[in-house]
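Protein chains in written order, with my numbering: chain A, 146 to 476; chain B, 146 to 476.
It is possible that some hints are incorrect.
As the list makes no split between identical chains, a pair holds if one copy fits it or if it spans any two.
What the hints assert, rightly or not - Straight-line C-alpha distance at most 20 Å; calculated DMTMM-like pairs for lysine to aspartate or glutamate:
| no. | residue 1 | residue 2 |
| --- | --- | --- |
| 1 | K335 | E403 |
| 2 | K150 | D200 |
| 3 | K427 | D221 |
| 4 | K261 | D425 |
| 5 | K389 | E444 |
| 6 | K389 | E287 |
| 7 | K261 | D236 |
| 8 | K279 | D430 |
| 9 | K389 | D473 |
| 10 | K459 | E287 |
| 11 | K389 | D236 |
| 12 | K261 | E240 |
| 13 | K335 | D433 |
| 14 | K279 | D360 |
| 15 | K150 | E414 |
| 16 | K335 | D286 |
| 17 | K150 | D351 |
| 18 | K150 | D173 |
| 19 | K279 | D351 |
Hints listed in this document are in silico derivations from the structure and should not be mistaken for laboratory results.
There are 2 protein chains.
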Amino acid sequence: MGGYKGRRALITGGLGFIGSSLARRLVDERAEVTLVDSLIPEYGGNLFNVAGIRDRVRLNISDVRDPYSMAYLVRDQDVVFNLAGQTSHRDSMIEPRTDLVINAEAQLSILEACRKSNPAVKIVFASTRQVYGKPEYLPIDERHPVRPVDVNGINKLAGESYHLLYNNVYGIRACALRLTNTYGPGMRVKDARQSFLGLWVRLLVDGRNIEVFGDGTQRRDFNFVDDCVDALLAAGASDTANGKIYNLGSAEVVSLAELARLMVELAGEGHFELVAFPPDRKVIDIGDYCGDYSLIRGELGWEPRVRLREGLAKTLGYYRQHGTAYWDRDA
Amino acid sequence: MGGYKGRRALITGGLGFIGSSLARRLVDERAEVTLVDSLIPEYGGNLFNVAGIRDRVRLNISDVRDPYSMAYLVRDQDVVFNLAGQTSHRDSMIEPRTDLVINAEAQLSILEACRKSNPAVKIVFASTRQVYGKPEYLPIDERHPVRPVDVNGINKLAGESYHLLYNNVYGIRACALRLTNTYGPGMRVKDARQSFLGLWVRLLVDGRNIEVFGDGTQRRDFNFVDDCVDALLAAGASDTANGKIYNLGSAEVVSLAELARLMVELAGEGHFELVAFPPDRKVIDIGDYCGDYSLIRGELGWEPRVRLREGLAKTLGYYRQHGTAYWDRDA
Numbered sequence: 146m147g148g149y150k151g152r153r154a155l156i157t158g159g160l161g162f163i164g165s166s167l168a169r170r171l172v173d174e175r176a177e178v179t180l181v182d183s184l185i186p187e188y189g190g191n192l193f194n195v196a197g198i199r200d201r202v203r204l205n206i207s208d209v210r211d212p213y214s215m216a217y218l219v220r221d222q223d224v225v226f227n228l229a230g231q232t233s234h235r236d237s238m239i240e241p242r243t244d245l246v247i248n249a250e251a252q253l254s255i256l257e258a259c260r261k262s263n264p265a266v267k268i269v270f271a272s273t274r275q276v277y278g279k280p281e282y283l284p285i286d287e288r289h290p291v292r293p294v295d296v297n298g299i300n301k302l303a304g305e306s307y308h309l310l311y312n313n314v315y316g317i318r319a320c321a322l323r324l325t326n327t328y329g330p331g332m333r334v335k336d337a338r339q340s341f342l343g344l345w346v347r348l349l350v351d352g353r354n355i356e357v358f359g360d361g362t363q364r365r366d367f368n369f370v371d372d373c374v375d376a377l378l379a380a381g382a383s384d385t386a387n388g389k390i391y392n393l394g395s396a397e398v399v400s401l402a403e404l405a406r407l408m409v410e411l412a413g414e415g416h417f418e419l420v421a422f423p424p425d426r427k428v429i430d431i432g433d434y435c436g437d438y439s440l441i442r443g444e445l446g447w448e449p450r451v452r453l454r455e456g457l458a459k460t461l462g463y464y465r466q467h468g469t470a471y472w473d474r475d476a
Numbered sequence: 146m147g148g149y150k151g152r153r154a155l156i157t158g159g160l161g162f163i164g165s166s167l168a169r170r171l172v173d174e175r176a177e178v179t180l181v182d183s184l185i186p187e188y189g190g191n192l193f194n195v196a197g198i199r200d201r202v203r204l205n206i207s208d209v210r211d212p213y214s215m216a217y218l219v220r221d222q223d224v225v226f227n228l229a230g231q232t233s234h235r236d237s238m239i240e241p242r243t244d245l246v247i248n249a250e251a252q253l254s255i256l257e258a259c260r261k262s263n264p265a266v267k268i269v270f271a272s273t274r275q276v277y278g279k280p281e282y283l284p285i286d287e288r289h290p291v292r293p294v295d296v297n298g299i300n301k302l303a304g305e306s307y308h309l310l311y312n313n314v315y316g317i318r319a320c321a322l323r324l325t326n327t328y329g330p331g332m333r334v335k336d337a338r339q340s341f342l343g344l345w346v347r348l349l350v351d352g353r354n355i356e357v358f359g360d361g362t363q364r365r366d367f368n369f370v371d372d373c374v375d376a377l378l379a380a381g382a383s384d385t386a387n388g389k390i391y392n393l394g395s396a397e398v399v400s401l402a403e404l405a406r407l408m409v410e411l412a413g414e415g416h417f418e419l420v421a422f423p424p425d426r427k428v429i430d431i432g433d434y435c436g437d438y439s440l441i442r443g444e445l446g447w448e449p450r451v452r453l454r455e456g457l458a459k460t461l462g463y464y465r466q467h468g469t470a471y472w473d474r475d476a
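Go ahead and model the full structure; you've got the sequences and the hints to work with.
Here is the structure:
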């Protein structure tokens with residue numbers, strides 16, 4: 146992925162899982178990288194995620210809900226990778242207003258700031274498969290109806306829509322990637338706020354067992370973080386992407402029981418068991434999901450390259466080595 | 146429409162155009178009616194709208210953005226007609242955050258208040274055809290993709306989605322009607338904030354000419370306010386409606402030039418002219434629109450009964466008589 150050398154890139158959520166992996170790649174490409182992150186303990190930011198590149202990025206701790214810091218930070222940027230967000234479906238149901246302010250209102254502030262002080266910027270927004278809700282057909286392409294089943298999905302859809310609107314109405318070049326389950330080194334593993342897979346990683350590394358909700362037959366697709374970063378970089382470098390929405394996805398679609406079995410095998414210890422769905426999860430569960438990513442493959446040449454087995458092994462290895470930076474291993 | 150006698154009904158936006166017409170019908174049916182309205186000058190509330198029923202309703206001036214007053218007001222209600230909103234597409238582009246707070250955030254507060262203190266309530270939400278964006282086919286049914294072309298459409302979609310979510314997840318019976326252009330006595334005519342048609346009414350009553358943007362061939366459907374009220378009452382009285390979205394619409398679909406010609410004829414004075422689209426309107430214009438209302442016709446037995454010619458004549462007659470209550474006729 147060329148084209149970033151000497152370019153100024155801002156990453157919101159830059160200390161988070163995907164943001165920090167993206168930062169590392171951009172630093173390698175010799176972009177001038179600014180990271181903005183709120184370091185809210187319940188979210189994904191972790192200074193350890195940028196340990197190796199700390200002196201090669203500009204770090205600004207602030208919250209995307211603060212319109213003044215954002216207005217300052219977006220100035221003079223060539224590209225904004227807009228990744229900051231509240232990601233927990235469950236938290237969005239418990240504190241819907243917080244989710245709204247972060248995932249919708251703050252996005253409007255960022256876009257307004259760009260419109261006023263940096264209309265030539267390019268923005269890539271990290272959206273989510275959650276906007277689709279319960280699939281009517283599989284794999285889901287970008288024309289599938291959007292009927293989110295939780296507050297998070299509704300607000301992410303609004304945030305995504307603002308980006309496309311500012312592209313179409315004001316010519317501020319923006320696009321959105323609808324990410325599916327992304328995993329890898331740097332993900333939040335302390336709890337299931339980012340993904341149940343993160344929690345599983347921690348439990349297995351701690352030598353504990355993992356639980357699969359329901360009968361384990363729900364199917365999902367997964368992207369290793371490096372593949373996700375490839376997609377973000379491709380979208381940020383292409384004007385074909387402007388005004389577009391692209392699904393990510395994977396050719397490997399597995400059931401949660403298969404995933405659990407594979408992770409237990411790779412961990413070399415622990416086992417998994419099926420447990421009944423907690424009622425508050427069941428009601429926002431969407432059943433099977435897999436995304437059709439042929440649009441981004443055709444237009445931007447992206448496709449995932451890391452096999453699930455390989456990505457999971459890397460992830461488990463990372464947390465075996467660095468787990469203390471992500472949770473209290475004596476807890 | 147039976148079933149409202151003795152029932153407690155709250156109408157948000159109750160001094161507005163549609164809210165006040167609904168209030169009159171509910172009072173006639175001997176419901177116990179509470180109106181909440183902010184009386185913000187730029188919006189639709191007007192005390193004159195309830196002149197005839199002022200002593201038969203409870204009136205509470207407050208803003209749906211005030212979660213405390215809303216939490217108090219929704220208690221003990223049997224049904225909430227949730228009509229308050231920011232309606233101007235143009236204002237939503239100029240002050241996007243205001244539109245977001247009213248059309249999305251305040252809706253969440255209302256729903257949270259119902260969940261906490263009145264989960265047995267029934268809610269009817271006034272949504273808008275604006276959520277569809279530019280039609281891909283006509284007439285638009287409820288399965289048409291939603292791709293709003295302005296901030297107002299994005300936020301109304303979020304507000305609508307919260308209602309369906311609270312129905313599906315928490316069992317708070319809610320449904321949404323996607324209104325099309327509604328007109329009639331009580332509408333805001335001071336400017337085009339509610340509808341260009343309102344502005345046309347004022348200009349013609351004032352003996353002035355009206356302007357049609359573009360070539361006048363854009364087609365639209367229109368509902369007379371009494372028909373819209375019928376639909377709200379039907380939805381509020383039916384549990385079939387819970388969790389549903391219904392289009393309104395009309396069998397009469399006319400071009401804007403035809404509409405202007407008819408209004409000039411009925412007014413007996415003035416004329417209309419075609420003018421170029423102002424750039425800020427053009428970019429959020431959706432071209433032709435008409436809604437397929439067969440779902441609500443089939444499920445709730447609703448269809449519009451007032452012909453356009455009849456409804457427009459009533460509307461012009463009303464403002465000839467009561468115009469001073471809606472604008473300064475010497476201005």
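Hint-by-hint comparison with the structure:
no., hint, result
1, K335 / E403, "neither (23 Å within a copy, 64 Å between copies)"
2, K150 / D200, "within (17 Å within a copy, 72 Å between copies)"
3, K427 / D221, "neither (45 Å within a copy, 30 Å between copies)"
4, K261 / D425, "between (42 Å within a copy, 16 Å between copies)"
5, K389 / E444, "within (10 Å within a copy, 37 Å between copies)"
6, K389 / E287, "within (10 Å within a copy, 23 Å between copies)"
7, K261 / D236, "between (33 Å within a copy, 17 Å between copies)"
8, K279 / D430, "within (8 Å within a copy, 31 Å between copies)"
9, K389 / D473, "neither (42 Å within a copy, 47 Å between copies)"
10, K459 / E287, "neither (31 Å within a copy, 46 Å between copies)"
11, K389 / D236, "neither (29 Å within a copy, 26 Å between copies)"
12, K261 / E240, "between (31 Å within a copy, 13 Å between copies)"
13, K335 / D433, "neither (25 Å within a copy, 52 Å between copies)"
14, K279 / D360, "within (18 Å within a copy, 42 Å between copies)"
15, K150 / E414, "neither (44 Å within a copy, 67 Å between copies)"
16, K335 / D286, "neither (32 Å within a copy, 45 Å between copies)"
17, K150 / D351, "neither (41 Å within a copy, 63 Å between copies)"
18, K150 / D173, "within (9 Å within a copy, 72 Å between copies)"
19, K279 / D351, "neither (33 Å within a copy, 53 Å between copies)"
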